[in-house]
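Chains A and B are the protein sequences, given in the same order.
Under our numbering, the first residue of the first sequence carries the number 914, and numbering increases by one thereafter.
Under our numbering, the first residue of the second sequence carries the number 195, and numbering increases by one thereafter.
Derived by calculation from the structure, the hints in this document are not laboratory data.
Any given hint could turn out to be false.
[Claimed, not checked] Calculated pairs, DSSO-like style, for lysine-lysine (alpha carbon to alpha carbon, straight line, at most 27 Å):
1. K268/B / K349/B
2. K558/B / K522/B
3. K1075/A / K349/B
4. K358/B / K1086/A
5. K934/A / K558/B
6. K358/B / K1089/A
7. K225/B / K358/B
8. K349/B / K1089/A
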Amino acid sequence: MPLTNLTGIARSEGDPRIQSKGPSSLTDADRLARALGWFSIGLGVVELVAPGRIARGLGLEHKEGLIRAFGARELASAVPTLSVDKSAGLAARIGGDVLDLLTLSTALHPGNPKRGNAAVATALVLGVTLLDLVAYAGVTAAHRRGPDAGGRNYSDRSGLPKGIQESRGLARKDFKTPPDYRAEGTVAAALPAPPSS
Amino acid sequence: MKALVWHGKEDIRCDRVSDPAIEHPRDAIIKVTSCAICGSDLHLFHNLVPAMLPGDIMGHETMGEVVEVGSAAKGKLKKGDRVVIPFTIQCGECEQCRRGNFSLCRQSNRKGELGDKVFGHRTGGLFGYTHLTGGYPGGQAEYLRVPFSDTTHIKVPDGIEDEKLLFLSDIFPTGWQAAVQCDIQPGDTVAVWGCGPVGQMAIRSAILLGAEQVVAIDHLPERLSMAAAAGAITINFEEESVVERLNELTGGEGPHKCIDAVGSESHVSLGQPDTLLDRAKQMLMAENDRPHVLREAIYVCRPAGVISIIGVYLGLSDKVPMGQAMNKGLTFRMAQAHVPRWTGDLLRRIEQGEIDPSFVITHKADLADGPAMYAKFRDKADGCIKVMLQP
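Using the sequences provided together with the hints, build the complete structure.
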């Protein structure tokens, strides 16, 4: 059952209910970024929990500490990747991909009996790197301000038809700050007037 | 009908939904002629506001024509009336409403127990916002049910276009209240952080209320150009020090009044390192807000000055320098705007040509294009400052 139907229990009878869904404000790049963020969490947890099994599988014995650190890095990059600041998270992921590839390259030498596993892992990381690059390019393209955004000039939009000088203080003629919003006043103004001589 | 529906973080869709129905004798249904995307809608878009549910209809800046009236509202409204709908829902009878604190109405929040638990005491119902404020379906739709409609409406005359009237629903009275909270006196310097739609309205309100200098602070050139159009002195915080420039403009004394029209989502940049830490904590759900503006305003404000907070804060804010605020004897005023308290006066000012709020509209679009406009507004793309939507 779709979540939007489930949440109907929190609505009253007269509230509108969804009949059919339209296209989303999320772009394909946003969705890919989100998927990569969740992938980061999954991989990060595995690297943190089972670094020994990964190390043995790749012929990278004695690098359990490094793999665990990579797990923490995956989790750290997942957080911004899943946030609205996806491009920062994806950039961190791409940097992490490079570190992963450098580490895997040390396992590709002919003397490593698990060289085949390392080659498969390298191919997978290359594939994920490609996805990261595609997502990064898509997200930055979809959410850029545009070349002319800062060049827009709204200096003809005063919103004050009578002009700035005539408008300054215009409302003081017929508006008094309500008592519960008053912040000004001086002791001198509050003192009783001196008796006239 | 068509409506913009929240499905999750950054996921707004133009869905087909069932039409709203009268539930209570005080309800009315309006056919929406115009609505707008508000800066505070972006907090929902970013999923920073707790208690949103997938399926919630967005929108709290709405106007239209009455098409159905409940039996108890018939004395005040009739079919065909042209109305602007305040974003605050008010009963008009409770102690808070009688005091003019309409956004704190005691009766209009239909999920008040939630509000009691989270806020300590409930606040008023709001359209198209969190379930903490009632979870009422919003007005970015073709039709809107208005609860307590006999008191939750602003009747507006024919002959004035929607563009000039729509913002009576929120940003105009909100900006006005920001300035009123300052109790502006002749000779005052008023600093306004944030030149989004509410900041723009606050700048013009401060001018109308007689501020000698209004200083507008932002980093987007197009927004600063709009602020300068109303006579504000501008500070681009990416190019110069806000504190140094404000002190320079006030003979070293600091502004008398400071308006925070930014709220929870301060711009994050290397030049403002505290915002990086706040953003990281926000991502980890260790902090709700990024209160950089509040910190800066407290620091630079003249002793015995006023800090007027109108930008929306959402929950917990870290490292707010209360020591500075207390020792400088600052006055803090803040609230969601008590819209109907000001709208009679502000409608008259529009009619008399003292202000034309339509200056702020930079983009108009069909309601169906709403999801894309949310993204454009959030990305500040294409010089976007205010989006008006029409069903």
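Now the hints, each set against the structure:
1. K268/B / K349/B: Distance of about 14 Å is within 27 Å: holds.
2. K558/B / K522/B: violated (45 Å)
3. K1075/A / K349/B: It holds: about 25 Å lies between the C-alpha atoms, which stays within 27 Å.
4. K358/B / K1086/A: holds (23 Å)
5. K934/A / K558/B: holds (23 Å)
6. K358/B / K1089/A: holds (24 Å)
7. K225/B / K358/B: Between K225/B and K358/B the Cα gap is close to 18 Å, so the pair holds against 27 Å.
8. K349/B / K1089/A: With Cα atoms ~24 Å apart, K349/B and K1089/A stay inside 27 Å; holds.
Violated hints amount to a single one, hint 2; each of the other numbered hints is respected by the structure.
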